[in-house]
Amino acid sequence: MTTKTQDVTVTVNGAARTLACAGTTTLLTVLRDDLLLTGAKRGCNQGVCGACTVLIDGRPMRSCLTLAANLDGAEVTTVEGLAPRGELTRVQESLLKQNAVQCGFCTSGMVMVAHDLLQRSPDPDVEEVRDALSGNLCRCSGYRALVDAVIDAATGGAA
Amino acid sequence: MSVEIPFGAVGANVAKLESAEKLTGAAQYIADLSRPNMLHAAIVQSDVAHARILGYDLTAALAVPGVSAILTGADFPDGRMGAFIKDEHAIAKDKIRYFGEPVAVVAAEDEETARAAAKLVVVDYEELPAILSPEAGLAPDAAIIHEELESYLKVFPAICDGNMASYTELSEGDIEAGFAEADVIVEGEFETAPQAHLAIEPVGALAEIDSQGRITLWSANQSVFRVQANVCESLNLPMSKLRCLTPRIGGGFGNKMEPHIQPLVVRLTQVTGRPVKLILNREEDFECVRARHPFKIRCRTGAKKDGTLVAREMDVLLDCGAFGDDSPGVLGYSLLMSRGPYRIPNVKCHGKLVYTNKIRFGAYRGFGNPQVSFAAEQQLDEIAAKLGMDPLDLREKNLLQPGDAWFGGGKVASNGLADCIAAARKASDWDSRTARPAPKGKRRGTGVALGAHISGLLGTGAIVRVLEDGSIALNTGAVDIGQGSDTVLVQMCAEALKVPVEKISLASPDTDGSPYNWGTTASRVTYTTGRAVVGASKEVEKQLKDHAAQMLECAVGDLELRPGGMVGVTGSDKEVSFHQISLRAHWGAGGPIVGHHTLVFDQPTVDPKRAIAKGLPFPQIGVYSFICTVVDTLTDEVSGKTEVDEVWTGVDVGKAINPSLVIGQMDGGFVQGMGFALCEEMVWDGPKLANPTLLDYKVPTTLDAPYRMHTTIVDAPEPDGPFGAKGAGEIGLVPVPAAIANAIASAIGNRLHSLPMKPEKVFRAMTEHDDAA
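Protein sequence lines correspond, in order, to chains U and G.
Going by this note's numbering, the first residue of the first sequence is number -14, and it counts up by one from there.
Going by this note's numbering, the first residue of the second sequence is number 3, and it counts up by one from there.
With the rest of the complex left out, here is chain U:
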């Protein structure tokens, strides 16, 4: 369908991108369909499941509820951009080692909120971690292993 678009310049994972966006296009659609960054997932398209979470100017946001046209000048980090190719962040490493990942569909969103938590609070307790992850649904893990892996990432495996 042809729709009126406007140009928006966004920095995505460190690279400036100019995108032609329709007023109703969400960031999730731009990331997945235009930039082919498919790490952010569409679980509900309603802002509930959290699988589409990315960092916008360093804060975790639902990309399915974020209109791309409002992001001119913003900095977006997706799960693909968290660590250099071939490397993992502490949280990613810990989730891997503890086998906290099951189907993986919620994982990108979980990684983003956990990453954000450890930026804000380097030594969180269990309740803080549960609270930070509470907006992201996981149907496989029962959450315990996810919480433990985040604590483990914070303590460097000392806990």
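No lab work stands behind these hints, which were simulated from the structure alone.
Don't take each hint at face value.
Unchecked claim - Calculated lysine-lysine pairs in the DSS-like style (CA-CA distance at most 27 Å, straight line): (1) U:K(-11) to G:K121; (2) G:K643 to G:K760; (3) G:K444 to G:K763; (4) G:K88 to G:K616; (5) U:K82 to G:K444; (6) G:K399 to G:K388.
What the hints assert, rightly or not - Ranges of calculated distance between the beta carbons of each label pair, as one might list FRET restraints: (7) G:A692 to U:S119: 21 to 27 Å; (8) U:T(-4) to G:G10: 46 to 52 Å; (9) G:G390 to U:L50: 56 to 62 Å.
As the list claims (entries may be wrong) - Not close to chain G: a few residues of chain U, all C-beta gaps over 12 Å, as computed: (10) Q(-9); (11) T(-4); (12) R2; (13) R44.
Yeah, the Cβ is synthetic: ideal placement off N, Cα and C, and Gly gets one too.
Following the hints, complete the assembly by docking chain G onto the known chain U.
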């Protein structure tokens, strides 16, 4: 009995093979795939529940620029698919059978266009009375949902009539004599709610036709082979014309085992000649895939004064929904589970499965077992209370003992249930439970339930090849839906051949190249496919040794596998590597080394000398895993809201191939079961599902799920299991609603008979009890 694990790949917490890919966003799921020149599709859903289709008006929809094709029932062959009863077309043809059923499908240049055009499709209906409950379906003058039921092909001896899709009964002993012996009898009616699977990934599919008319189909699935069979049955397509593949799967829980929209994209690619992709949105996924069966259960249990159980009678009524799907299996399996893991000499149970004008109900983690356990395990607590016995002592007194057969007479070769109970009793400090304090304004309860679940069923295979450099290629056709079977199967292959996990590649399931695998369902991959992997590895070992015997000029019997891909002469340092052997096999003698093994699970479910069975599917079902789950709950005195405070589980999965993954299944199964027990409920407003969104359908979050979940894995090796292993996928969920119900009853002094145990129900039961006291 113990199992020899000389190499150490089995029993280790190996990190899942594909985790890094999932953690960095590189993993590709169905929605992430695309093909050049691909069309996007959208479905048109019916807005009536039961109707004859009189005609379609596609004029406005076809006029939308970018629309490539619109197909209705008239454009589809008349083939019918169905796991037990072949009662379902690829899309509604002539008739609508539930609200939201796909009635047309649009392909366009992009998804937005396809969805916009779908809204313009007009369907003319002649409405029929909607049957919205099994009771209504059984009424003498009920409208008939499947007029041709009698003539449908069925894969088991189905007893059906009118809207009754299946009737099943199973009995052992003499039920009248049993109850005549009883000093205490409890009787009650129980009801469970429909539950949505809610894999976070909605379903989708992508099909592409080649110039010979052969089609490749990627889809969210639990079995590429079931996808192939279902699509080919519904579209009258030879199976050789369809190749099915799988991307990563974003959770299944039963929802992706049987077909969803795969036949639609296959027909669209046939008609348009272009690749076509269709991804359902969350609402569509809720409305037109499948859900857990609501059960109505009448249960009666009798015991002697000393607590000996003597009789159990159970009568179940299942809402089938509009199509048979896996429902006859769920009915039969729930009856097989109705006795539980106990010695009860006289058991009689029967059930009816009734078509209604609702979404098809189907396979869902537990397969009818959590529903019947909700009734049966509560009645054990009621009997214990009447006799003044400890609920766990009553269970132990009546426990199925090693060597005892399952209800119906099926063999139970390994049974670690007593150890499961001991582990959970100790870990939960069961005997101190009444002394545990509760925070102000809350009532603490402790409850227990036992469970058993099969792993097994049907055909499976594995192919193991030794590549030229001595590394190993494993191919099984089993789809990993996130639970970790890829990793577990590679661990078993590594152990059998004593090579590091890193030296083994695993092929992605492909109906062109993988050996048959019925599916990732029935907790079966570790057990059945694992057996095939071990068998194929043994075949490879034999071929390696045949070569080595000639290369080292010794007898085959003197050779041993050595860690790291070597074959050596026992007691000597003479050895050759897999690499050297494989070079010889490829270039010199014998031919490339390929081992394969296939099997079909063949232990009978019923012993006709012990039991009478009618209309029971699954003549050969599986081996048994066991569980004991204890929960502590806190119920709010003001709202009735109940939270689970702590959980202790003892589980017998034979031998844990990867303990961390087994614990992942127990944790995940618990929380999904807790959602089923406390908050999840699909609600209909007349014929229409009223809450098909995540805003209105509540699943547990980190704040609802207990953090303190403790699992003890008990070793009870299955003699024919791979390294002793049995299944772990479903059993963690099975006892959960019952254990929570028993905990709530202990906290509030009153018992709930229906799921979910929402705050208002608990509050009412609590006040009723308090007022009476």
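field: Which numbered hints fail
entry: 5
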